[in-house]
Amino acid sequence: MTATCRLPCCASPRRTVSELLDRGLRRNRAAPLPHEGAQLGDADGNAARFSIDVRGATIADVVFRMTSCATLVAYGELIAETVAGMRVELANGLTARDLADALPGVPALKRDRAMLAVAAFRSALSKVSTNGKQS
Amino acid sequence: MKVAYIFATSRHSVSYVLAKMILPQLEEKRHGATVVGMFFFEDNNYVLLKDNPIGARLHKIAKEQGILLMGCDQCCYEREIADKLYDGVPIGCFPDLYKALSGNMPDQVITL
Chain A
1 MTATCRLPCC
11 ASPRRTVSEL
21 LDRGLRRNRA
31 APLPHEGAQL
41 GDADGNAARF
51 SIDVRGATIA
61 DVVFRMTSCA
71 TLVAYGELIA
81 ETVAGMRVEL
91 ANGLTARDLA
101 DALPGVPALK
111 RDRAMLAVAA
121 FRSALSKVST
131 NGKQS
Chain B
1 MKVAYIFATS
11 RHSVSYVLAK
21 MILPQLEEKR
31 HGATVVGMFF
41 FEDNNYVLLK
51 DNPIGARLHK
61 IAKEQGILLM
71 GCDQCCYERE
81 IADKLYDGVP
91 IGCFPDLYKA
101 LSGNMPDQVI
111 TL
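As given, the protein sequences belong to chains A and B, one line each in that order. This note's numbering applies: residue 1 is where the first sequence begins, and numbers increase by one. This note's numbering applies: residue 1 is where the second sequence begins, and numbers increase by one.
The shape of chain B in the complex, shown without the other chains (with noise of 0.2 Å):
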């Protein structure tokens, strides 16, 4: 089954549910679905700075597992972080969401 993550909300939906249990799955491949792509809301999008160490591990993994990943971009520019992402991290709205997804679309789509 493939799945895509959606960070909706900001209370443990990245320091704890990504970073501790996500995350560490994946590296070790034992997640259960295939995750096909992660776009993060709000101040979730900090994980995506360049330097953020849950990030940096993202990144790797992402890049490892073919894993899209994109920050909101209103969310972004909103922070100031939107050209302060790591590389080839987009950032986008849903048209630029699905437009990515359409060649790998996942079967669910979580919301955390």
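Next comes chain A alone, as it looks inside the complex (with noise of 0.2 Å):
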């Protein structure tokens, strides 16, 4: 039996909101990929647009545009990390209910913005095939 290692190199990243934001922050400045989808918004006047690279049919890379709302982009960056490499039809199963699940701490009244982020990642999601090419 193999015991899981525990150090720093070796660790996964932290997924608490604060330390999500900061890798998120850097993702967010990043050049859009092939797979691009519609920016959404909500009434508070956050916006988000995810784009994606896919080889085969399997999820390569997924960056994304937010306002700078700190809840958005930590829920923006679960869904990038929690989806690379994973096949697209999979991906397409996340709901924000999983997010919500998956990130403690966020308080109630912010929750909403795992909708926001789960509905334009779904679709950038929505732009590509299982095939790998737009559709």
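Be aware that a few hints might be false.
Said to hold, decoys possible - Reference listing, derived: stretches of chain B covered by chain A, where coverage requires no fewer than 3 residues with Cβ under 8 Å from a Cβ of chain A:
| no. | region |
| --- | --- |
| 1 | 66–78 |
| 2 | 84–92 |
To be verified - EDC-like cross-link-like pairs, simulated, lysine to aspartate or glutamate; straight-line CA separation at most 16 Å:
| no. | chain 1 | residue 1 | chain 2 | residue 2 |
| --- | --- | --- | --- | --- |
| 3 | B | Lys99 | A | Asp42 |
| 4 | B | Lys50 | B | Asp83 |
| 5 | B | Lys84 | B | Asp43 |
| 6 | B | Lys50 | B | Glu80 |
| 7 | A | Lys127 | A | Asp53 |
| 8 | B | Lys99 | A | Asp44 |
Claimed, not checked - Non-contacting residues of chain A with respect to chain B, defined by C-beta distances greater than 12 Å in every case (computed):
| no. | residue |
| --- | --- |
| 9 | Asn28 |
| 10 | Gly56 |
| 11 | Thr95 |
| 12 | Asp98 |
| 13 | Arg122 |
Worth flagging that the hints you see were computed from the coordinates, not collected in a lab. Glycine residues also receive a C-beta, built at the ideal position from the N, C-alpha and C atoms.
Now that you have both chains on their own, put them together as the hints suggest.
As structure tokens, then:
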């Protein structure tokens, strides 16, 4: 039986809002990828747009452009880190509830940001067919 | 005159200026200005934690006098206290603060 390595070099990055935000703000400045979804918004003036790179039927990379709401960017980063390497049809099953459950510490009033993030991500997914070609 | 306070420094702004000046004056209804909002940065957000004794008094007086209390969202997330604040106390950033104050705008914003 092999124990899981807990050394900092091997450990998975922590998934707190604050740490996802730090990584997400870097991803938020990255150049768009080939399959770009629509920019979606909410009543609070937030906006989100994802773009995806696909190799075969697998998501190779995800970037986004979002308004600088900390919660929204953290949810966006959580999506990007979760779906990297995932098959497109599996990623399409990701829900706002999944995000909310995976990221404790977000007050109830801010959890609706997960819905915007997932909707924007699905918009990008809709531009990708399962064989990796733009629809 | 309507004022909003932004607690931006961490030296004595909460334990002294808020807890020993502003809050007692609000409780005694002799502060001299109508406080419409308070926004908290950095470690000042700990005053908004449930069971904080200063926060308990502040939360009570805020409900009685219609004072908006809001914590900086990134500050609270960084300290992992965003979901541990007094009930009804939101977190947010400047757009949320301005939106929340838009129905009762202060004449002066005072940074402490």
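Results for each hint:
1. 66–78: Coverage by chain A holds for the region 66–78 of chain B (4 residues, Cβ < 8 Å).
2. 84–92: It holds, with 3 qualifying residues against the three required.
3. Lys99/B x Asp42/A: holds (14 Å)
4. Lys50/B x Asp83/B: holds (10 Å)
5. Lys84/B x Asp43/B: holds (14 Å)
6. Lys50/B x Glu80/B: Answer holds: Lys50/B to Glu80/B is near 13 Å, not above 16 Å.
7. Lys127/A x Asp53/A: With Cα atoms ~11 Å apart, Lys127/A and Asp53/A stay inside 16 Å; holds.
8. Lys99/B x Asp44/A: With Cα atoms ~9 Å apart, Lys99/B and Asp44/A stay inside 16 Å; holds.
9. Asn28: holds (14 Å)
10. Gly56: Answer for Gly56/A: holds, closest chain B Cβ roughly 36 Å.
11. Thr95: For Thr95/A, whose nearest Cβ neighbour in chain B is about 20 Å away, the distance exceeds 12 Å, so it holds.
12. Asp98: holds (18 Å)
13. Arg122: holds (25 Å)
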